Amino acid sequence: MKKFSRILALMLMLAMVFSVAACNGGSTTAPANGGEAGAAGGGAEYDPQADGIEAGASLIYWSMWSEAEPQAIVLAAAARAFTEATGVPVSINFNGRQGQREGLAPALAAGETIDIFDEDIDRVTGQWSDHLLNLDDLVNGVFSDTDGQPFRAKVNSGLMEMAQERGGGTFTVVPYQPFVFTTMFNKDLFEEAGITSNPTNWQEFLVACQQLVDIGIIPMTVDNSYIPALFGTTVTRIAGSERTLEIFENHEFSDPAILRTAQVFEELITNGFMSPRAATNVFPEGQAAEFAAMEAVAMYLNGTWLPNELREINPDINWGSFAWPSIDAGGAGPEAHNIGAQCFGINVNTNYPNAAFAFIRWITLGYWDQRLADDTWGVPMANDAVWPVQLQDAEVIFASTTDRLPWAAGAEDDPNVTAVIIESFQRMAAGTINAQQFADNLAAIS
Amino acid sequence: MVGRKNKRMIVLFLIPAMFIYVMVFIYPVLRTFVMSFFAVEAIETPIAAWTFAGLNNYIGLFRIDLFNRSVTNYLTLWFVGGIAVLFLAMVYAVILTSGVRLKKFWRAVIYLPNIISAIALGTMWINYAFRDNDGLFDRIVEAVGGQTPVMWTGPYMGLWSLLIAYCFGMVGYIMLTFISGIEKIGDEYYECASIEGANIFHKFFFITLPLIRGVVRSNIVIWTVSLGTGVFAWSFMFSPTNLTLPYTMPPNYMREIIFGGRGSAVVQRDSGAAASVGILIALLVVVISVVSSLITRKDDVEM
Numbered sequence: 242m243k244k245f246s247r248i249l250a251l252m253l254m255l256a257m258v259f260s261v262a263a264c265n266g267g268s269t270t271a272p273a274n275g276g277e278a279g280a281a282g283g284g285a286e287y288d289p290q291a292d293g294i295e296a297g298a299s300l301i302y303w304s305m306w307s308e309a310e311p312q313a314i315v316l317a318a319a320a321r322a323f324t325e326a327t328g329v330p331v332s333i334n335f336n337g338r339q340g341q342r343e344g345l346a347p348a349l350a351a352g353e354t355i356d357i358f359d360e361d362i363d364r365v366t367g368q369w370s371d372h373l374l375n376l377d378d379l380v381n382g383v384f385s386d387t388d389g390q391p392f393r394a395k396v397n398s399g400l401m402e403m404a405q406e407r408g409g410g411t412f413t414v415v416p417y418q419p420f421v422f423t424t425m426f427n428k429d430l431f432e433e434a435g436i437t438s439n440p441t442n443w444q445e446f447l448v449a450c451q452q453l454v455d456i457g458i459i460p461m462t463v464d465n466s467y468i469p470a471l472f473g474t475t476v477t478r479i480a481g482s483e484r485t486l487e488i489f490e491n492h493e494f495s496d497p498a499i500l501r502t503a504q505v506f507e508e509l510i511t512n513g514f515m516s517p518r519a520a521t522n523v524f525p526e527g528q529a530a531e532f533a534a535m536e537a538v539a540m541y542l543n544g545t546w547l548p549n550e551l552r553e554i555n556p557d558i559n560w561g562s563f564a565w566p567s568i569d570a571g572g573a574g575p576e577a578h579n580i581g582a583q584c585f586g587i588n589v590n591t592n593y594p595n596a597a598f599a600f601i602r603w604i605t606l607g608y609w610d611q612r613l614a615d616d617t618w619g620v621p622m623a624n625d626a627v628w629p630v631q632l633q634d635a636e637v638i639f640a641s642t643t644d645r646l647p648w649a650a651g652a653e654d655d656p657n658v659t660a661v662i663i664e665s666f667q668r669m670a671a672g673t674i675n676a677q678q679f680a681d682n683l684a685a686i687s
Numbered sequence: 138m139v140g141r142k143n144k145r146m147i148v149l150f151l152i153p154a155m156f157i158y159v160m161v162f163i164y165p166v167l168r169t170f171v172m173s174f175f176a177v178e179a180i181e182t183p184i185a186a187w188t189f190a191g192l193n194n195y196i197g198l199f200r201i202d203l204f205n206r207s208v209t210n211y212l213t214l215w216f217v218g219g220i221a222v223l224f225l226a227m228v229y230a231v232i233l234t235s236g237v238r239l240k241k242f243w244r245a246v247i248y249l250p251n252i253i254s255a256i257a258l259g260t261m262w263i264n265y266a267f268r269d270n271d272g273l274f275d276r277i278v279e280a281v282g283g284q285t286p287v288m289w290t291g292p293y294m295g296l297w298s299l300l301i302a303y304c305f306g307m308v309g310y311i312m313l314t315f316i317s318g319i320e321k322i323g324d325e326y327y328e329c330a331s332i333e334g335a336n337i338f339h340k341f342f343f344i345t346l347p348l349i350r351g352v353v354r355s356n357i358v359i360w361t362v363s364l365g366t367g368v369f370a371w372s373f374m375f376s377p378t379n380l381t382l383p384y385t386m387p388p389n390y391m392r393e394i395i396f397g398g399r400g401s402a403v404v405q406r407d408s409g410a411a412a413s414v415g416i417l418i419a420l421l422v423v424v425i426s427v428v429s430s431l432i433t434r435k436d437d438v439e440m
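Here the protein sequences line up with chains A and B, keeping their order.
For the first sequence, the working numbering gives the first residue as 242, with consecutive numbering after it.
For the second sequence, the working numbering gives the first residue as 138, with consecutive numbering after it.
Calculated directly from the structure, the hints in this document are not laboratory data.
What you were told as hints is all true, and nothing was included just to trick you.
Label pairs and their in silico Cβ distance ranges:
1. TYR326/B <-> GLY672/A: 54 to 62 Å
2. LEU249/B <-> ASP625/A: 50 to 58 Å
3. ASN512/A <-> TYR265/B: 26 to 34 Å
Here the structure is a predicted model, which means the values were calculated and not measured.
C-beta atoms are modelled at their ideal positions from N, C-alpha and C, and glycine is treated no differently.
Given these sequences and hints, build the entire structure.
Printed below as a string of structure tokens:
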């Protein structure tokens, strides 16, 4: 019965994933006043006047989330509570990721009234940087809800440094819902296989894989969407972070690190450490079916959002995470991860910057930051917040990461390269090409 | 006779519709055409910031392996899929207009995929029909003694799986058009043919087919036009995050270079080249429509 429920949940989830991806989510306006019981209270005592919230302010927030996602549900409730506390109405358009990526920039360019918007930090600070208000004064300001400290001192310092770096030395965004891209695994399967400590280098990783195979568990899998990230991250463990970025940026695919990476994958595949379905998995089949529903696979290199994505299918997974292991001397190690975040930006043309920043603080501090983390099994922003139990291992990885890699370590920056990486990996997983042919395919990219 | 006053009223009532048509159809088409000759990063970049590039966008596209692959995929799907869809739709249409029992039921069954969301259909195909080992297709292959898994959604079979899934949804629509054409043919033709001793094949090749050539032509155009836009969603479902070689189609490539990648946020955007892709797709549809008209023009029959 339980298995049937999981399969049913899997099918519904797959349909929902495609719906969310293809239909851009909903486009709904959250009611200005909702009065959700117990939702008010963004942390400390709130004093709208002391915080300089503009008289008559109202906010329009274009959100990257789809209406039915847990993040959107929390944000809508937070907006209602914010209105109750401050008297500032907040209208939210939940555009979904695709809708946001396609619709926001033309809307901003056309002068549509939008006060706050959000998306992935690289996209906001890159493609939409012309529309961002400088937040230096606000981020360094002291407010009634920051306990006498500057706002930036109340939230994750690493993420704020990242925001400042992406803004070219100034603050133009405030991160939230951060993530680290790392090895997510099923602790129960590890325990069943007798693995008592997390692998820290490649040899230990291969030993752990063999222990899993010995009890009939496939060590890891991947979907077509995450092959480039798996590839890019593995190249960093061989060539080092800086060299990896150079390889992808300059198309230097004759570098020996590419062949070595292909050999690492070949070893995983030929030893049965990589699921044969990696050759055919269409996202999210691998993570949803193999990893979560059937619990046939123990590991998946993915973001800390994975537990939340899969909880409808299998809420009982005992989640763990460890850094993608070091492979070769000279390569990167557990200090190097792709860390990112969604982020809030304030439209440079807004009439209500103080009100907008007050709303951002409302979400990233205190009750609503914790609520967002709790309800989405996500990473909180505030220093005093508690990470969800599913991500307690990831908290250590997050804190020890000093080398912040870009998404997929740059392996996904050029669609022509990405397509060849995916095709070559799948062919190798299908057993039709070897590591040398994999490397040759990349080297042949014009 | 329409009086002068009435004519003025007609013009007056047409103005709002014409205005909307010009603004949401003619203007974007013209803007896209002009944009295709300029270097333009983002779709919202003001015209003053466009740089004239001549034919560079078009020439540049054909130097990109992924775009060339998308064109090959598209033409394969158009040609092979087109033959399959037109053939199957015609067979179904002939059977359903030949007096078969439960005609309405069978017609509804064949048309059913058209009223189901493409997303639901895609989920069914990818996660059930094409699934390795325990999916429908692998079980059929296994039952007839073939080797499994076939890896339907892998790098070798991917395009053919997409073709099967897409065509499955289109057969019913094209079939209805054929049925409406066949039902216009008078029974007397078939009765005369029967008296003369014609069998079902004679009737099809010497009566039905010649009299529905116009419908065939229309269906070729419908297939071409619908493929130009409809395949986007299917390619998206088979490769939901990144462009992949077996599934990439020109509209998907176009989207990628307008808005950037769905995974990485730092993909180089090139809306000028994307406009060129749009123009090339439109040109392809026009060329196919003209060619199919020329081929069948002389054979149209007045019924």
